[in-house]
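A.B. asks: In case you want the letters, here they are:
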Amino acid sequence: MDRRSFILRAAGATVLAGTSSAFGNLRLFGEGMWESTPTNAFDLVAVKGGEPDVMFVKGIEALGGMKAFVKKGQKVVVKPNIGWDVSPERGGNTNPKLIAEITRQCFDAGAKEVVVFDNTCDNWQRSYKNSGISSAVTGAGGKMAPGNTEGYFHDVTIAGAKNLTKAKVHELIIESDVFINVPILKNHESAKLTMSMKNMMGVVWDRRAWHANDLHQCIADFAAYRKPDLNVLDAYYVMKRNGPRGVSEEDIITMKSQLISTDMVTIDVAGAKLFGADPADIRYIQIAAAQKVGRANLDQLNIKRISL
Amino acid sequence: MRYLRNIRWGIATLSLVLITIFFLDFANLVPPVFISSILSLQAGPAIIHVLGGSGLAIAGLAVILAATVLVGRVYCSHICPLGTLQDIFIWTAKRKFKHRKFPYSKPQYLLHYGISFIMIAAAIGGSFFILNFFEPFSSFGRILSNIVRPLLFLLNNFAALLLSKQQMFLLYEIPLKGLTVSVVAATLLFLGGLFWLSFYYGRYFCNTLCPVGGVLSLVSRLSIFRITIDNEHCIDCGLCERVCRARCIDSEKRQIDFAACVGCFDCLSSCPTVGMKYAFKKTKEPPQAPVDDARRSVLAAASSGMLWFFAAQQPAPAAGPTYEETRRTPVVAPGGRSINQFTSHCTACHLCVSTCPTHVLQPSFFEFGIAGIMQPRMDYSVSYCNFDCTLCGQVCPTGAIQPVLPEEKKVLQIGKTHFVKEDCIVETKKNDCGACSEHCPTKAVRMVPYGKLAIPEVDNQYCIGCGACEHACPAAPRKAIFVQSNAVHGVAKKREETKLISPVSTPQEFPF
Chain A
1 MDRRSFILRA
11 AGATVLAGTS
21 SAFGNLRLFG
31 EGMWESTPTN
41 AFDLVAVKGG
51 EPDVMFVKGI
61 EALGGMKAFV
71 KKGQKVVVKP
81 NIGWDVSPER
91 GGNTNPKLIA
101 EITRQCFDAG
111 AKEVVVFDNT
121 CDNWQRSYKN
131 SGISSAVTGA
141 GGKMAPGNTE
151 GYFHDVTIAG
161 AKNLTKAKVH
171 ELIIESDVFI
181 NVPILKNHES
191 AKLTMSMKNM
201 MGVVWDRRAW
211 HANDLHQCIA
221 DFAAYRKPDL
231 NVLDAYYVMK
241 RNGPRGVSEE
251 DIITMKSQLI
261 STDMVTIDVA
271 GAKLFGADPA
281 DIRYIQIAAA
291 QKVGRANLDQ
301 LNIKRISL
Chain B
1001 MRYLRNIRWG
1011 IATLSLVLIT
1021 IFFLDFANLV
1031 PPVFISSILS
1041 LQAGPAIIHV
1051 LGGSGLAIAG
1061 LAVILAATVL
1071 VGRVYCSHIC
1081 PLGTLQDIFI
1091 WTAKRKFKHR
1101 KFPYSKPQYL
1111 LHYGISFIMI
1121 AAAIGGSFFI
1131 LNFFEPFSSF
1141 GRILSNIVRP
1151 LLFLLNNFAA
1161 LLLSKQQMFL
1171 LYEIPLKGLT
1181 VSVVAATLLF
1191 LGGLFWLSFY
1201 YGRYFCNTLC
1211 PVGGVLSLVS
1221 RLSIFRITID
1231 NEHCIDCGLC
1241 ERVCRARCID
1251 SEKRQIDFAA
1261 CVGCFDCLSS
1271 CPTVGMKYAF
1281 KKTKEPPQAP
1291 VDDARRSVLA
1301 AASSGMLWFF
1311 AAQQPAPAAG
1321 PTYEETRRTP
1331 VVAPGGRSIN
1341 QFTSHCTACH
1351 LCVSTCPTHV
1361 LQPSFFEFGI
1371 AGIMQPRMDY
1381 SVSYCNFDCT
1391 LCGQVCPTGA
1401 IQPVLPEEKK
1411 VLQIGKTHFV
1421 KEDCIVETKK
1431 NDCGACSEHC
1441 PTKAVRMVPY
1451 GKLAIPEVDN
1461 QYCIGCGACE
1471 HACPAAPRKA
1481 IFVQSNAVHG
1491 VAKKREETKL
1501 ISPVSTPQEF
1511 PF
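Residue numbers (this note's numbering), protein chains in the order written: chain A, 1 to 308; chain B, 1001 to 1512.
The set of hints was computed from the structure by calculation and includes no laboratory data. Owing to the predicted nature of the structure, the values given are computational and were not obtained by experimental measurement. Please note that a few of the clues may not be correct.
[What the hints assert, rightly or not] Coverage of chain A stretches by chain B, computed from C-beta distances (three or more under 8 Å per stretch; other residues unrestricted):
| # | region |
| --- | --- |
| 1 | 139–145 |
| 2 | 297–308 |
[Said to hold, decoys possible] Each computed DSS-like pair below joins lysine-lysine, with the alpha-carbon atoms no more than 27 Å apart:
| # | chain 1 | residue 1 | chain 2 | residue 2 |
| --- | --- | --- | --- | --- |
| 3 | A | Lys71 | A | Lys143 |
| 4 | B | Lys1429 | A | Lys166 |
| 5 | A | Lys97 | B | Lys1499 |
[Unchecked claim] Calculated Cβ distances over 10 Å to all of chain A for the following chain B residues:
| # | residue |
| --- | --- |
| 6 | Ala1159 |
| 7 | Asp1236 |
| 8 | Ala1279 |
Positions of the beta carbon are idealized from the N, C-alpha and C atoms, including for glycine.
Next up, chain A with everything else stripped away, as it sits in the complex (with noise of 0.2 Å):
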């Protein structure tokens, strides 16, 4: 470690002391300190009217660009939602331009290795197939990893969990140095809304035992698990009934919108408010606000907004 990077750690481990999702806010803070851009970062970035591509390059613009996130040399899992065997105008998946350009952007910024996985419900290989996914990754050179067996989940627990204190998590989500989590908002006969907090049941293997154990509870348990690094809410497709799988097209709403944050309940917040629903309704946000892991008051973080 070199004296301007200890320098910069050791600034930010004490401004962010007692947080627990130190590494994502210090690599901000301290790359917005050193470029001397604004040091009122962003707590949140919505960004509306674009492809899904672009609506990403000017949001993560706005929080000092992916070098913010990702360092040279490091390994990065993005994690989209690719539960089901469906075309991407679907919206039961994440958008496949979204991925690539998140994809891309990481290693721009110097990422050794981009490897994208789900554990998905349909058949994984149709799913990240016919979700665009698979091409979108490998034409922007990152990786497509299984996640359809149980060798590749190793035990983990959760401090602070009531119901879910135990969990079996991909190793990718174990090793990697930056995860990113690239949830698509949309319509949910379980959890009402599927956002940032609940795409994370794609990064365990018994989805079961969440459903048997009170699923709310356990979302926002395992929320404080493992924070993302990044979260980025593709809300351009948007399903507003029959979710998740949805029937067909007749279901989507093309809303062309973007949430982009490090926090995770914000983010599922904002993304409730952006479908139409009241946060209050949705009980694992109320419980993961309630378990202190991320902040719900929208009105006094810091939003940027963006048109296009």
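Given chain A's structure and the hints, the job is docking chain B onto it.
C.D. replies: What follows is chain B alone, placed relative to chain A:
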């Protein structure tokens, strides 16, 4: 004439390799239309398929029969993968015991024809109990699907594990789920028996137990080209008899039982002179089987007939609707049309089991009754049927699972969903769950208000019986939601909902 043996070797290897690839292609890389075209030349499935009326199979069967009428049972040494497998065993035997020979043994034609007749008649009558043990293509398929494939998976998973440590994901772990112990045991038993028979008695299976061999043996009695011994040039060296795997050459009498000849052409290569001929020639009819042989055949036939009668007995219909009993009838794959249609055409080759990308198709043992032994069923404990997939119907060589178009499949109802509220998480734990509704591709299962919670509600007019709800249900040990088999497949209604209108522009840019 000696080149014929080399041609045989080439074609047999190609056939064996292709079929092996079809069964081991777990990534579904081979186009299904190529698989079904090549497999239309498999006589056993083709016969079953033609009885059910199919174009491609009729062409395949016509080619096989024409070839047999022209040049004899070359099918048995060129196209049949089980024949080639036996040839490998025979080759091993000859390597191990340098002087191993299979001396002439009078073919038991009547016994063979009797057994073949009973198998085929029973199959037409609806019982595949005996046929499914001996139909050669299906037997070979089961060896690949139930023994070789799991071993390949283990090897692959080991390699995938090593590679994933190096961040290489070219290979991936494949779950070894749904292996049926009884089917694996039956297949191992068959493989052991076949090895023993071919090791010591050459192609004995083909001339005694094989129903396809029986049919082709009868047809080969009409053959135009035949192998004969030329009395002018034969020097009585006996080499031809020594190499004959079908044991049909009597070198002392200089006679060949051509209806037992499997067309390997080894004899032509072995003859040191030009004493063997393979030519257009009318020979005298093979001698009639002696009386004692015939008597034995009749006895065998009679006992097999009793076996068939026993086998054709369907299991008694379930008496009371207990939880277990409501689930007992297995679900037939989409394209099977009905339990009856499926079970009366399936030879249990397990190609659909090997092909199914979700592994929801798994072999049964007695679930379809004794008559439907080892026929595949939908096993929702392993997985569920992919909404957009129609692969099983595209590869099935017998027409037991017929091809269906993707749009047809999406409304093809193979079962209906049954919900047991008392077993549901929402009821037993008073928690939200909804896993069933989440996975349902048609939203036949929806969550409806239940106090402060939401509970599943099933509308079976939209249900296609894919089993996604059952597979996802976290209730244990009894699933709270499961598929009950449709005896005859139906058509589900498609949910028609109005298209949602996308907002053009909201006055407030962001709602926060």
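A.B. asks: Hints first: check each against the structure and report whether it holds.
C.D. replies: Okay, the hints, checked on the actual structure:
1. Counting residues of the region 139–145 of chain A whose CB lies closer than 8 Å to any CB of chain B gives 3, so the stated coverage by that chain holds, three being the minimum.
2. Here's how the region 297–308 of chain A fares: 4 of its residues keep a CB closer than 8 Å to some CB of chain B, so the rule of at least three is met and the hint holds.
3. The straight-line distance between the Cα atoms of Lys71/A and Lys143/A is roughly 18 Å, inside the 27 Å bound, and the hint therefore holds.
4. Between the alpha carbons of Lys1429/B and Lys166/A the distance comes to roughly 20 Å, so the proposed pair stays at or under 27 Å and holds.
5. Restraint check: the Cα-Cα separation between Lys97/A and Lys1499/B comes to about 24 Å, which is no more than 27 Å; the hinted pair holds.
6. With 10 Å as the threshold on Cβ separation, the claim that Ala1159/B sits away from chain A holds: the shortest Cβ distance comes to roughly 13 Å.
7. For Asp1236/B, the condition that its CB be more than 10 Å from all CB atoms of chain A holds, with the nearest at approximately 63 Å.
8. The beta carbon of Ala1279/B is kept farther than 10 Å from every beta carbon of chain A, the shortest such distance being approximately 54 Å.
The earlier numbered hints are all upheld by this structure, with none contradicted.
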